[in-house]
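Participant: Line by line, the protein sequences are chains A and B.
For the first sequence, the positions run 48 to 410 when the working numbering is used.
For the second sequence, the positions run 48 to 410 when the working numbering is used.
None of these hints come from the bench; they were simulated from the model.
Just so you know, these numbers come straight off a predicted model, no measurement behind them.
Hints may contain errors.
To be verified - Think about it this way: if two alpha-carbon atoms lie no more than 25 Å apart in a straight line, the pair counts; the simulated SDA-like pairs of lysine to any residue are:
1) A:K403 - B:K403
2) A:K183 - B:D164
3) B:K403 - A:M327
As the list claims (entries may be wrong) - Derived coverage of chain A by chain B (criterion: at least 3 residues anywhere in the stretch with Cβ under 8 Å from a Cβ of chain B; other residues may be distant):
4) 84 to 93
5) 185 to 192
6) 251 to 257
7) 315 to 323
What the hints assert, rightly or not - Partial chain A-side listing against chain B, Cβ under 7 Å, derived:
8) Q98
9) S291
10) V293
Ideal Cβ positions, reconstructed from N, Cα and C, are used throughout, including at glycine.
Spelled out, the chains give:
Protein chains: 2
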Amino acid sequence: MNHDLSTYRYLVVAEGQFGPLTSKTATSAVRFIPDRVLAVLDSTRAGRTVQDVLGFGGDVPVVATVGEGLPLEPTALLIGIAPQGGGLPDAFRPMLREAIAAGLHIVSGLHVHLGDDPELARLAAERGVRIHDLRKPPADLPVSQGRARLVDAYSVLTVGTDCNIGKMTAGLRIRDALTAAGTRVGFAATGQTGILIEGWGIAVDAVVADFIGGAAERLVLQAAEGSDVVLVEGQGSLVHPGYSGVTLGLLHGSMPDAMILCHQPTRACPYGAGNAYHWMPLPSVEEMIRICEGAIAPLRPSKVIGISLVTFDMDEAAARDEIARIADVTGLPVTDPVRFGAEPLAEAIRRGAEAKRACRASA
Amino acid sequence: MNHDLSTYRYLVVAEGQFGPLTSKTATSAVRFIPDRVLAVLDSTRAGRTVQDVLGFGGDVPVVATVGEGLPLEPTALLIGIAPQGGGLPDAFRPMLREAIAAGLHIVSGLHVHLGDDPELARLAAERGVRIHDLRKPPADLPVSQGRARLVDAYSVLTVGTDCNIGKMTAGLRIRDALTAAGTRVGFAATGQTGILIEGWGIAVDAVVADFIGGAAERLVLQAAEGSDVVLVEGQGSLVHPGYSGVTLGLLHGSMPDAMILCHQPTRACPYGAGNAYHWMPLPSVEEMIRICEGAIAPLRPSKVIGISLVTFDMDEAAARDEIARIADVTGLPVTDPVRFGAEPLAEAIRRGAEAKRACRASA
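With the rest of the complex left out, here is chain A (with noise of 0.2 Å):
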């Protein structure tokens, strides 16, 4: 584990795009570690609170410059969104800059490593200050050989119908529901946003292909340790067109006793890429649940054994109405974690967790 990325107090790039749907990481954060957010800079926001401009969030402020964020002692600078292209936008340089000058450490979840950019590992280094790439994987990482099968915590996998669908959210507060009643949780982050949360991990998507399982096995074996329930953080989906092979990878590699399925009612194509995939229909919950079981079902048993829904775009009635409907289908517990609350799906992998150690305690 990281543990300085895991009490860092952040100052919070978002220039020019801070909104509820342009910065993810931006957002993520105020979200998940809002003790930890002091400030963010977004110079065409200037002067608003973060609450202003999220709708939550509170009265963080919005700030013009680095120099604007210093008084409220950050001890990181976070860039908190993804530009076109991954890569760090000239206009990025100089605020990195003025940071590494006051002290303050770098974290990144760009594809372009900063840590290999001369200049800024430069003075990092003179200053004495870290320059953390949230993305950038191990490099000694095994091909996975399904040890992860074999660990004594219970470990779930998010899955989804589709890529950014809220698999992150959903393993979140899952394991805040189950923390609460006195479950000991490892959480495995398997992007950059869940390891800025949670302190460590690996981005799945950004290894070598042949170490995406190996990648997984890892982290599932890490996070077991000390934990009753392991939750690994899901990516991308089976049907999706272009992250398929790391949804795959993953499960593969994580090898979980059960999954949790995540889906938007009103989702009809793949996500991404403008409407490139909108040749495509998603499949059903019912489908999908069929296909997941299906894929991991040569390498051993696996179920979903809970639905996540993703309902921000239907009113309250019809929310509730279709995660009846659902659950009804399905014969599974159904909720939308941050609108109802994760119970239903803690209370899933309570029981899971507790026939697992029934069946080892037999054996």
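Guided by the hints, dock chain B onto chain A, whose structure is given.
Facilitator: Frame of chain A, contents of chain B only:
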């Protein structure tokens, strides 16, 4: 297409490891581009012929030093073995220096990129020779968008119950059979040995995980130009605990019209890493057909249209019995393309290509 690679005449380095099971790339070079293998370097077997060591390959000499091979006038040195760990063995460095000094280009399938080695890069630049790292992916790969489904050519992917089960060999044998009968075939190489043989391609297991499908899509679009049939070299297996992510990404990126399933009747468990996977039985051919067709069904319909067996470890009567049995249970053409010829599979592909052409013409 890299025209250099397709014209090089090789001195093949297999130092200490030349043999049918220990030098996969060297052995494949002898098998598939015999006219361009002038000598094999292995000081522990020097003085013998390739035929002596492999049981095929004729009187191509095994030599002890680079200098001993130079009178045969090779234009490139090929590293034909894959040492543990993928790095460059210390013993190879003097050979590479000597080869570069003699004006030979360098071709390598090692995990480590020789072009990034400061000494070798400098020597090559000074001498005006090229270093080809077969596993180094392009820097500009996209996320796949399913465009490979739109090509006019009939596209076929080799899939398998396991990795290392004849997917490249089946593809090359089928290519030869189709070409001999006048079909224009584009071969999309996806692994280092296929790239060596074809002179172009992308090692899909070496790309960043998000871009597996994008690499496959690009290969199919390129191979389809001027071709009646595209044969895509498969990798891994949808049920292999270590490599399945690469396999699904390749399937969804290549969007094939049809699949050829490769299988070894005597194999019980997934291949690799000693006995690491001996906790898991491989699926039967019938089960694997369902798995492959089911994995692409949400994106498009695509069927397994033939079975390619590896039977070198069965006597001929047993092999013919197994071919007849599998043909009976599947209703598909079945052959061992190395032992009994690829014609039944080529014929199935010709029929499929004709049906696609007729369907398009009537649209």
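Participant: If any of the earlier hints don't hold here, list their numbers in rising order.
Facilitator: 1, 4 and 8
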